[in-house]
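Make one complex out of these two single chains by using the hints.
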Amino acid sequence: MADVKNILLVGVGGQGTILVGKILSTGLMDAGYDVKMSEVHGMAQRGGSVSNQVRYGQKVHSPLMGRGEADILISFETMEALRWLEYLNPKGVAVINDYQIPSAPILMGKREYPQGVLEIIKSKVKTTVIKAGEIAESLGNAKSMNIVLFGALVKGMNLTNIDWEAAIRKNVKESTADVNIKAFKAGMEALAE
Amino acid sequence: MKKLLTGNEAVAQGAYEAGLIYAAAYPGTPSTEILENIAEYKKDIIAEWAPNEKVALESVIGASIAGARALAAMKMVGVNVAADPLFSFAYSGVNGGMILVSADDPGLHSSQNEQDNRHYAKFAKIAMVEPSDSQEAKDMVKAAFEISEKYGTPVLFRMTTRVCHSKSLVEIGERKEIDKKPYVKNVQKFDLVPAVSRKLRMELEVRLQELTDFSNETDLNYFEWNEKKVGIIASGVAYQYAQEVFGNTASYLKLGFTYPLPIKKIKQFAAEVETLYVIEELEPYIEEQLNAAGIACVGKAKIPKMGELSPEVIAKALLGKEKTLIEYDGSSVAHRPPVLCAGCPHRGFFYELGKKKNIMISGDIGCYGLGNAPPLNAKDTCICMGGAPSIGHGAQKVFNKADEKMRVVATVGDSTFFHTGMNSLVNIVYNRSNTITCILDNRITGMTGHQDHPGTGFTLQGMPTKALEIADVVKALGIDHIKTVNPLKLAEVQEALDWALALDEPSVIITRWPCVLKKQSVRDKSEFGEYLGTCKVDADACIGCKKCINTGCPALQFNDETKKVKINPVQCVGCEVCLQVCPVTAITRVGE
Numbered sequence: 001m002a003d004v005k006n007i008l009l010v011g012v013g014g015q016g017t018i019l020v021g022k023i024l025s026t027g028l029m030d031a032g033y034d035v036k037m038s039e040v041h042g043m044a045q046r047g048g049s050v051s052n053q054v055r056y057g058q059k060v061h062s063p064l065m066g067r068g069e070a071d072i073l074i075s076f077e078t079m080e081a082l083r084w085l086e087y088l089n090p091k092g093v094a095v096i097n098d099y100q101i102p103s104a105p106i107l108m109g110k111r112e113y114p115q116g117v118l119e120i121i122k123s124k125v126k127t128t129v130i131k132a133g134e135i136a137e138s139l140g141n142a143k144s145m146n147i148v149l150f151g152a153l154v155k156g157m158n159l160t161n162i163d164w165e166a167a168i169r170k171n172v173k174e175s176t177a178d179v180n181i182k183a184f185k186a187g188m189e190a191l192a193e
Numbered sequence: 001m002k003k004l005l006t007g008n009e010a011v012a013q014g015a016y017e018a019g020l021i022y023a024a025a026y027p028g029t030p031s032t033e034i035l036e037n038i039a040e041y042k043k044d045i046i047a048e049w050a051p052n053e054k055v056a057l058e059s060v061i062g063a064s065i066a067g068a069r070a071l072a073a074m075k076m077v078g079v080n081v082a083a084d085p086l087f088s089f090a091y092s093g094v095n096g097g098m099i100l101v102s103a104d105d106p107g108l109h110s111s112q113n114e115q116d117n118r119h120y121a122k123f124a125k126i127a128m129v130e131p132s133d134s135q136e137a138k139d140m141v142k143a144a145f146e147i148s149e150k151y152g153t154p155v156l157f158r159m160t161t162r163v164c165h166s167k168s169l170v171e172i173g174e175r176k177e178i179d180k181k182p183y184v185k186n187v188q189k190f191d192l193v194p195a196v197s198r199k200l201r202m203e204l205e206v207r208l209q210e211l212t213d214f215s216n217e218t219d220l221n222y223f224e225w226n227e228k229k230v231g232i233i234a235s236g237v238a239y240q241y242a243q244e245v246f247g248n249t250a251s252y253l254k255l256g257f258t259y260p261l262p263i264k265k266i267k268q269f270a271a272e273v274e275t276l277y278v279i280e281e282l283e284p285y286i287e288e289q290l291n292a293a294g295i296a297c298v299g300k301a302k303i304p305k306m307g308e309l310s311p312e313v314i315a316k317a318l319l320g321k322e323k324t325l326i327e328y329d330g331s332s333v334a335h336r337p338p339v340l341c342a343g344c345p346h347r348g349f350f351y352e353l354g355k356k357k358n359i360m361i362s363g364d365i366g367c368y369g370l371g372n373a374p375p376l377n378a379k380d381t382c383i384c385m386g387g388a389p390s391i392g393h394g395a396q397k398v399f400n401k402a403d404e405k406m407r408v409v410a411t412v413g414d415s416t417f418f419h420t421g422m423n424s425l426v427n428i429v430y431n432r433s434n435t436i437t438c439i440l441d442n443r444i445t446g447m448t449g450h451q452d453h454p455g456t457g458f459t460l461q462g463m464p465t466k467a468l469e470i471a472d473v474v475k476a477l478g479i480d481h482i483k484t485v486n487p488l489k490l491a492e493v494q495e496a497l498d499w500a501l502a503l504d505e506p507s508v509i510i511t512r513w514p515c516v517l518k519k520q521s522v523r524d525k526s527e528f529g530e531y532l533g534t535c536k537v538d539a540d541a542c543i544g545c546k547k548c549i550n551t552g553c554p555a556l557q558f559n560d561e562t563k564k565v566k567i568n569p570v571q572c573v574g575c576e577v578c579l580q581v582c583p584v585t586a587i588t589r590v591g592e
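If you read the sequences in order, they're chains A and B.
Per UniProt numbering, residue 1 is the first one in the first sequence, and the count goes up by one each step.
Per UniProt numbering, residue 1 is the first one in the second sequence, and the count goes up by one each step.
Every clue listed holds true.
Covered by chain A, according to a simulated footprint, are these stretches of chain B (three or more residues, beta-carbon under 8 Å):
{"#": "1", "segment": "329-341"}
{"#": "2", "segment": "555-569"}
Sample of chain B residues facing chain A (criterion: CB under 7 Å; computed from the structure):
{"#": "3", "residue": "Leu4"}
{"#": "4", "residue": "Arg162"}
{"#": "5", "residue": "Lys167"}
{"#": "6", "residue": "Ser168"}
{"#": "7", "residue": "Gln243"}
{"#": "8", "residue": "Pro311"}
{"#": "9", "residue": "Glu312"}
{"#": "10", "residue": "Lys323"}
{"#": "11", "residue": "Thr324"}
{"#": "12", "residue": "Leu325"}
{"#": "13", "residue": "Ile326"}
{"#": "14", "residue": "Ile549"}
Below, simulated SDA-like cross-link-like pairs (lysine to any residue); rule was C-alpha separation at most 20 Å, straight line:
{"#": "15", "chain 1": "A", "residue 1": "Lys126", "chain 2": "B", "residue 2": "Glu327"}
{"#": "16", "chain 1": "B", "residue 1": "Lys563", "chain 2": "A", "residue 2": "Pro102"}
{"#": "17", "chain 1": "A", "residue 1": "Lys59", "chain 2": "B", "residue 2": "Trp225"}
{"#": "18", "chain 1": "B", "residue 1": "Lys547", "chain 2": "B", "residue 2": "Asn372"}
{"#": "19", "chain 1": "B", "residue 1": "Lys466", "chain 2": "B", "residue 2": "Pro51"}
{"#": "20", "chain 1": "B", "residue 1": "Lys2", "chain 2": "A", "residue 2": "Asn171"}
{"#": "21", "chain 1": "A", "residue 1": "Lys170", "chain 2": "B", "residue 2": "Lys3"}
{"#": "22", "chain 1": "B", "residue 1": "Lys546", "chain 2": "A", "residue 2": "Met108"}
Derived by calculation from the structure, the hints in this document are not laboratory data.
Just so you know, even glycine gets a beta-carbon here, dropped at the ideal spot from N, CA and C.
Bound conformation, chain B alone (with noise of 0.2 Å):
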């Protein structure tokens, strides 16, 4: 039977035939899906959201030693903090079969740089697989697992936001189960203490002779022979893009094992053809090892290495092909940027924080990120997820130094708070600094669709578990001061707000209300109770001084013809934030 999946569908269809029973991931675009996914097949497989990716990877990491297929999933950002347990068990190697899912996203589409990840395999000495889509992403998972082990090798699995978010057809089979192998206390491969690791070392060399060889011999890394006027190697997505563009007018070396790559098998390509083109989106990772080879090839010269490829860009960059395009004047369009949703809770406090004067936002990663855009331009730094309290840490040190009257104000979620955020806050505390943390709590993993996390009470699997409270985290990691706001309640923040400025010592404040499109909880219902009914602006009382507008809510509209604002009764949920901005208590709420 054939079904249409996603490339992240299809690693959890791939990674549940295959005997896989561990998954561990930190939700990230253009990842999350794939535990997601996984965490269906709750009679096989334990599936399960880590606070963060160093600590989803080293419980895989613990559950190979204990001899399980096992499976860690990320975006490409979440490998730099996972790299610490990955580049020393690559010296261990497994004993279930273990997988690295990286999802990298070339363009950027919601991340926050765009590093090229298949570096990660070459600098950690792991092998690694490229699927081009959703059949071979499911297929390769299955191959991955053997390539574990039978070297002992992490394999990681590199995908791109184009595969991962792709549908194709994939063919669907049946789970294998895959007897757990036996724990047996073994020091010498996963007690890695200098003399052990020594050992290791020069083990992890001769394992790669040995990938390097299977590379060479593999189907994965294959020939299509067509016209030899033109030869393109090319992995991942860039193959479709190179096939789109030259069908059979080309001959191609597809490589699906990309690390340690097949040189002699390039080679023996590389004589066959006339010109030789290196397809690859982001770095010339593969050209680069050509040219150590001495290999001749066409790559970056011709072909960007900055932002997505496609068929258009490679036919332009390899034939000066170009479309007849329709000419028309699209300057009339205006941009449609992503917002705070209507009623998010995030959206009183920036407009609150953002009339702060002399203060620096250290912001995050999240959708509190979307904080940043006029009206309230609430954000002066994002760098990393959980980064904001440290990074604010060392500038409040610096302003403090230099006498600098700023304050920092740090914003981070609640589960950035897990994530990572924990740790910072830790600093803040030890070196005493008189940063202001703020943790945007709205009870769930907002951005990247709604995911669990230690703070809301649920499993990845559904499981009810214990909630860590954050105030009660907050006050044990430190914190003397501490107040828990209602984001919705203006006064509330702005008094809480004042009230940290006024300390000189480090304060947090917690905004604690659910995500509009949560679907919430027991615990929520009675918590927060529901929404109800929605805001009105009488037309008369409205003075259009846009006061209302300056919260950047996307249920008000400002007509420029009548000066007149007006509130979508379809997007409003009656959260009452632009009511209270109101000079003239024009906004009233109805239909309750």
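The following block holds chain A by itself, in its conformation from the complex (with noise of 0.2 Å):
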């Protein structure tokens, strides 16, 4: 299945990752691809590690992908990018938020948040850290994190030629479409950077 593109969201529950899957796979549904989108439900809820692939061409039979095989690595969180790393093709795009999350072994002193995360990754691979926490403040919502990822994701596929406005205003509160237009576009120019 040579033509199946592989897109890898992880983060950490309740960041979003969810939202921007269902924005990005209706998205490719609409441009006429077959999509199959994965994530895990239930105990991740709880402040969990979480992923989200999702999955596209002409035809899609696995909702999984495997180990190796993700053409970019979204990652919401800068620990979880080290944690799912394996899952990247060699050849594929890693892009960073650098937001901390704590998990909570670190919260009580057990462990230590690892030093040096972004430095590994991009001894590796192809790799972009954006501050999406700090743009997203920047337009006024800090909400909006997850979708100024969206537009560095829309980038790195190069899927710009989709209507995404619609799609970001067909899945957000009509309240806060404009605020994450914004972010999607502010994403797109940080990855270009």
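Structure representation (structure tokens):
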């Protein structure tokens, strides 16, 4: 299935990876692709590590990708990028949010937040680091951090010919649509830099 | 029109289109969203949460007997609870078509075991279908109702986590109203006394023979001929994985109708291909039946029977192929386990309970299972839903007989109490053990994402209903010693635990406070008020003793350099549990 593209979104429960997966997959569907998306519910919602896989192409069979297969890894949290790095194709692209959410062992002082995550990843694959939290905040809505990352993803996968503004409007509250579209554009620019 | 749906959404859509009239379930991952989505069709379908899976299935059986198309949904362990009516209703057979959805969880994403419920179809002697994606999930619901009514069999609709929770494209259709079948009293079919069952037992074998013939003929089991060097038999999501790995380099016998198996068709397929692989997730359910029929195949000798399959696992097992991976040292990555939320009402209770010595904590299924993790460490056992009080009772009896100074504290949630915890509590009263039962009433079914239950005052379809008061129920079950406490008030919790430990009779402590994530009802708001403000650490006063950190609240972080604690104001809801444990009153409440 060489024509199938693999996108891996990872982060922490509550960061809005699922919404991005939803906008992404409905947009791809409307553009005529076959799409499969896989996410795991349940325990992961309570602040656990979450992943969301989107696969698209002419015909997609498996909802799951394997390790070494993601064309792009979008990590909503810094440490999570390292946890999921083995899923990235060595020729793929990593887009990492410079945003740390310490996990329970770190909060309790039992473990340290890993040092040099970005340097490790940069030394292995083509990497873009984005301060999506700061960008979102500067646009007036810290919660649209996920959409900033979505913009970077669209650029990174060269999917800019799809009408994403419409897809965003379809999936977010009307009151936040404008700021989310700004966030989306800012994300696209962030990757271009 | 096409929509991107999860398998669960597709089942709901298919059931709606197929003229479903009645559905019931008890929430359980990965099945929960099936009923939540069916419930949206308020005008056409009655959809209900039942207190447990047995009650759900029994209600659905009643609806079928009355003549309606009916569907029950549950996670795989729920089918264990519902097995009693299932096995006997297989003898009766249906009036209106009946489907039991079993959502299995290979890989144990959120379950206590990894059982393969395909065995239930063979065990109970009922038909089984297995969709491999969302379109099939929708189509097979329709097919299953037709099979059910044509042959009289209940149908086991077997899904797995990846089918339930993966999204794929589905063609949406219209609802086709199916006339309810007339109810005709028929004791020779529905009154299972031994004389009737003996006769139905023979009819069941005849039905299975008819279903075997159907299995060999139906398009649900189909060939896909490509190269014949490798032939693959697969069902469910394993078929999609096989396609991913082998594409058109292999031929396929795709099985959608998997009990009874189409042995004739399988023999025909086996005769055409050089090497026959059976690719199935979990147990060698298909493989064993092929072996019994004398059909040579390769299955679990190469493919793992534990955990989830994936294209990666299959490619490695059968072709020895592995992708090149990025090599790196990921050992610095810390675990990120799920935790009780900031402001979770269970935290205060577990903080106090975890301090008690010489107790065994008999836990149960739900968010409060997360009380097991450090630093709370407040759980010894958890076996099955509703089992905490009865498992606790048995242990307590033995401790008492052996004269060990151990006390058992059972913890059970509100929804879990109504599930089967009530029966367990009756046993404690009846057989007189001094087991302490703590009912952690957070006013909702929490872990599965906020479903109503008999104590919340609302039905699945949003109708106001009588809210059972747990304290009244407990009293009626024969418990004489009952205390209701606010779990956010540590002194109250401590006092209640000491009170219960001093009693030599069964007691119940109810901790009553809503889940911090719950959308509060009007009644909740008037009883509990709303969270206001947050807690803040005065850095000058903080002595870095980590007492507050030991509540395990994710809003609190200990800084190794400054040796002080900081509270994340975005996460903090101002529950004040940390404030109460601080020995130097460095934590205060701000922003009310």
